[in-house]
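Chemist: Residue numbers (this note's numbering), protein chains in the order written: chain Z, 1 to 629; chain W, 1001 to 1345.
To be clear, the hints were calculated from the coordinates, so they are not data collected in a lab.
Even glycine gets a Cβ: it sits at the ideal position worked out from N, Cα and C.
All the given hints hold, so there is nothing to weed out.
Chain Z stretches covered by chain W per the calculated footprint, using a threshold of three residues with CB under 8 Å from any CB of chain W:
hint : region
1    : 474-481
2    : 556-566
3    : 594-606
Quick list of the computed label-pair ranges, beta carbon to beta carbon:
hint : chain 1 : residue 1 : chain 2 : residue 2 : range
4    : Z       : Phe490    : W       : Phe1032   : 17 to 27 Å
5    : Z       : Phe97     : W       : Phe1032   : 54 to 64 Å
6    : W       : Thr1163   : Z       : Ile66     : 28 to 38 Å
7    : W       : Ile1183   : Z       : Tyr401    : 34 to 44 Å
8    : Z       : Phe490    : W       : Ala1074   : 41 to 51 Å
9    : Z       : Phe97     : W       : Leu1188   : 13 to 23 Å
Each chain, letter by letter, is given below.
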Amino acid sequence: MNTDGQKERVFQEDDFVLIQTEKRVTDTKLETKPTTFIRDALRRFRKNKASVAGSYILGVLILLTILVPVLSKANITTVRSQEAFLAPKLFEAGTGFWDGTMSYEHVVYDTVNEVPALSEKYSIPAVKASIVDITIDPEPTLIDAANNYATGGYVMVATDAAVADRNTLLTSKATAMDANNNYWLDVTFGNEEIVGNSQQGEYAVYLLAGDEKLMLRDFSKDYSPLSVNISEVLANAGLTSTRAQVVFEVKSSTSALQFILIENAILRADESAANLEELEEISIQDATQFVLVSDTTSLSYWSCTGRKGIHSAEIYYCDYTLDTYFLVYGDADLVTYSASELNSWIEAGYCTYDAKVGPESFTVLSEDCPIDVVESQTVMGITKKLSSITARGWGYKKLGYDEMPKFLFGTDNSGFDLFKRAFTGLRTSLILGLLTAVFCFCFGLVWGSISGYFGGNVDLWMERFCEILGGVPWIVVMTICILHLGNNFFTFVLALCLTGWIGTAARTRTQFYRFKGREYVLASRTLGSSDTRLIFKHILPNSLGTIVTSSVLMIPSGIFSEATLAYLNLGLQGRQSFGVMMSNNQPYLGVYPYLVIFPAVVMALMMISFNLFGNGLRDAINPQLKGSD
Amino acid sequence: MGKYVAKRIGLALMTAYIILSLTFILVKLLPFDRPIGGDAQQIAYFDKQYSLGYVYRFDHEESQYGEYLYKSPAEHGRSNFYYQVPVMTQYVNWLKNIITKWDWGYSKTFQPNVSAAVIIGSRIGYSIRLNIFSVIFSVPLGILLGIWAALKKNSLTDHTISTLVMVFISIPSFVLISFILRIFAYDLGWLPSSWPTESASTAMKAQGYIIPVFCLSFGSVCGYCRFTRAELCEVLESDYLLLARTKGLTRRQAIIRHALKNAMVPIFPSILAEFIGILGGSMILEQLYGIPGIGKLFVLALNYKDYDILFVDMAIFTTLGLLAGILLDLSYGFIDPRIRMGAKK
Chain Z
1 MNTDGQKERV
11 FQEDDFVLIQ
21 TEKRVTDTKL
31 ETKPTTFIRD
41 ALRRFRKNKA
51 SVAGSYILGV
61 LILLTILVPV
71 LSKANITTVR
81 SQEAFLAPKL
91 FEAGTGFWDG
101 TMSYEHVVYD
111 TVNEVPALSE
121 KYSIPAVKAS
131 IVDITIDPEP
141 TLIDAANNYA
151 TGGYVMVATD
161 AAVADRNTLL
171 TSKATAMDAN
181 NNYWLDVTFG
191 NEEIVGNSQQ
201 GEYAVYLLAG
211 DEKLMLRDFS
221 KDYSPLSVNI
231 SEVLANAGLT
241 STRAQVVFEV
251 KSSTSALQFI
261 LIENAILRAD
271 ESAANLEELE
281 EISIQDATQF
291 VLVSDTTSLS
301 YWSCTGRKGI
311 HSAEIYYCDY
321 TLDTYFLVYG
331 DADLVTYSAS
341 ELNSWIEAGY
351 CTYDAKVGPE
361 SFTVLSEDCP
371 IDVVESQTVM
381 GITKKLSSIT
391 ARGWGYKKLG
401 YDEMPKFLFG
411 TDNSGFDLFK
421 RAFTGLRTSL
431 ILGLLTAVFC
441 FCFGLVWGSI
451 SGYFGGNVDL
461 WMERFCEILG
471 GVPWIVVMTI
481 CILHLGNNFF
491 TFVLALCLTG
501 WIGTAARTRT
511 QFYRFKGREY
521 VLASRTLGSS
531 DTRLIFKHIL
541 PNSLGTIVTS
551 SVLMIPSGIF
561 SEATLAYLNL
571 GLQGRQSFGV
581 MMSNNQPYLG
591 VYPYLVIFPA
601 VVMALMMISF
611 NLFGNGLRDA
621 INPQLKGSD
Chain W
1001 MGKYVAKRIG
1011 LALMTAYIIL
1021 SLTFILVKLL
1031 PFDRPIGGDA
1041 QQIAYFDKQY
1051 SLGYVYRFDH
1061 EESQYGEYLY
1071 KSPAEHGRSN
1081 FYYQVPVMTQ
1091 YVNWLKNIIT
1101 KWDWGYSKTF
1111 QPNVSAAVII
1121 GSRIGYSIRL
1131 NIFSVIFSVP
1141 LGILLGIWAA
1151 LKKNSLTDHT
1161 ISTLVMVFIS
1171 IPSFVLISFI
1181 LRIFAYDLGW
1191 LPSSWPTESA
1201 STAMKAQGYI
1211 IPVFCLSFGS
1221 VCGYCRFTRA
1231 ELCEVLESDY
1241 LLLARTKGLT
1251 RRQAIIRHAL
1261 KNAMVPIFPS
1271 ILAEFIGILG
1281 GSMILEQLYG
1291 IPGIGKLFVL
1301 ALNYKDYDIL
1311 FVDMAIFTTL
1321 GLLAGILLDL
1331 SYGFIDPRIR
1341 MGAKK
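Could you build the full structure based on these sequences and the hints that come with them?
Modeler: Here's what the structure looks like:
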């Protein structure tokens, strides 16, 4: 409005309209709605972005704990060892991340079957087909121990004590040697001065024919190859046909343990000799195999009086990545089924098969058929009755799945789905926390109100009681409760409630002390309000915010307490429990880290979001902040 | 002040007495676990219990005492029968034993016939040493982080520190231990994955402290950081700091001479209480890392059903908790002249 306008305008009587003609003057109703306590709290809660994020995460987690145990069909009750330790899988295998594959480093490589040496639980074709990626070390590693997957090396024959006259004899099995055929012994030695705390020592090689000792090489330190025609030696000694043994003798010494290294000791003969096969068996060609055979079975062609070991055997290591799902649920494994099993499938209408035609006649009729391809069949008797078939089929069908399973968090040592287990356990924990929080809230509120409102002697004695009860560590209370009342859900609730309410009571008491002396309470009291009205109308609403927040935060502390007890071997029995699951998985941290990491992440998320939510809630429902900002 | 201290200590002693008595009675009320085998040790144990007044001994069966707990061969081909003494009588005897002989009982199954005091004594050293290192590590770090966050209030630094503190304070200790073990012990292989044995080298033993100290410190670093930040922020906005600036001190001078000094007043007492308080917090850590401390003893005693040892261990945790509380209260009163505790309102 400018001054010019005012001057120009002349007001007439008609320009004015009466607002009101009645005598009673009232305020006009406000156009905007008045804000309620809840709406105001919600508005302030929304301002705190972290709390909003926290409550969303919390919401998702709680939703999962409600839905997962109901909707997931995965198995968490029957132990299935073949499905144990499947890696977490979200994406398809080969994507390299969260894809159900497991990488292993420095694993012994089985050069014969060309697979990494895995446990015998899985068949070689299945392992071969499941490998996503493999790198074999180009150079072999030398080891001094017998290993099924090692090759070559030297047989190390050593004395077992550093004393005189305790020579070690390595004696072969006696075999026929005649003068008509030519028999040879070819020996090659390894040459190393010192192995461990033993020294390379003097040795002799001789032939033992009956009582006669025919020296092939006398005691010396000559490790050059030895090649002798045994028949000539026998003939020189005047023996034509006899049974003879080859003996290596290592001379003992008082200074140190003595050893020799034998690379090969091959007995051979002319083609016409009768015992060629036996000679082959006695010969030492692959030191590792020789030591393994004579160590593990009774089939020993050589006997040794001292120590017999392996030195510098070659072993290959590899790094590989394995698709654990294909290994268990894949179709690479050949399995033999009996004819009756096949017949039951035919009767069920899964497939057709004609034993007279053979494997080609196999046709799959239904998706439920556990096998896809028949590789071969065996028949028996003159009637050529079918006895069994060897077939290939998808593992998941055999285990009762409709499609290849996918475990988001993998499976644990019992083959349980970790995802379902985690959320079923979390549900138990949440219910536990919630029950505890509700009880503690109710009881603590009443106790704290009485103590805080009345004060004086009542307060003093109630405080002393709380102090004594609060002085007992919660772990002691829980332990004693569990020992006395047995380990079950309600013992846990009881034990958590026993000391849990003290916090709520203390907080309520402080709040009552704070507000009971305020002017508005005094005013109300002067006007004749009863104690009930003062408590419920004036003091409690003001103090509720803090108390509610602390009670909400009792839920995660309940979860935490349960998990802590599980780590102390006192975990909740008889129900799926989060803490028990976590502490059971703890030993696998080294090999299967996902078993611990996934539940740990869920737990940490739960705790963080609860705390964020609680903090936001405290600020939001604090009546003193009402209308501020 | 003197009266207040005396009252506070008296009250704490009273509380401790009541709690320990209740715990003792509750533990003694547990069903008795009959020993199996191990005769010589069991006989010695029961004779000891008899001399301490916790069991009766007869050379024949006495029907009025219920089922016998243990039967041991005695001279002349006869047998000794041991019966449980009524719990309240045991309680009186227990008090007598503690007051006159400082005898806290003997281990039954865990380390048969070794006195509880010896067992605790051989283990408490590990827990205390771990705690000292943890306090030395966590207090300066926590306070420094807190000061840094407070001085840069509402900056990126402050937000980062506060968020991290929030996150780490929320993560349960066993989760944290799992992660640290996984990363530093298994994946990187820098540190041992469990407590080194007695025969390990000194370097190895020193390395063995790193993970436990780190895990124990995490919570308290976060706690101190939050506490210091809150205190310092409050002081920084106070009138006397404004006055200090007005009379010509630089920001640095004002903070060092006035703000820090005043902010530290409530922090120092809590260090003392913290030192004692985290002794109880290391139970899971000791269990997971295999540290032979009193926390691990709790689990072992439970597994062995060795309730006498369990009771003494519980008593230690209870006493430590009470001690921490009373130290906190008292040191507040001594250090901060503004706080007059126990004063009439």
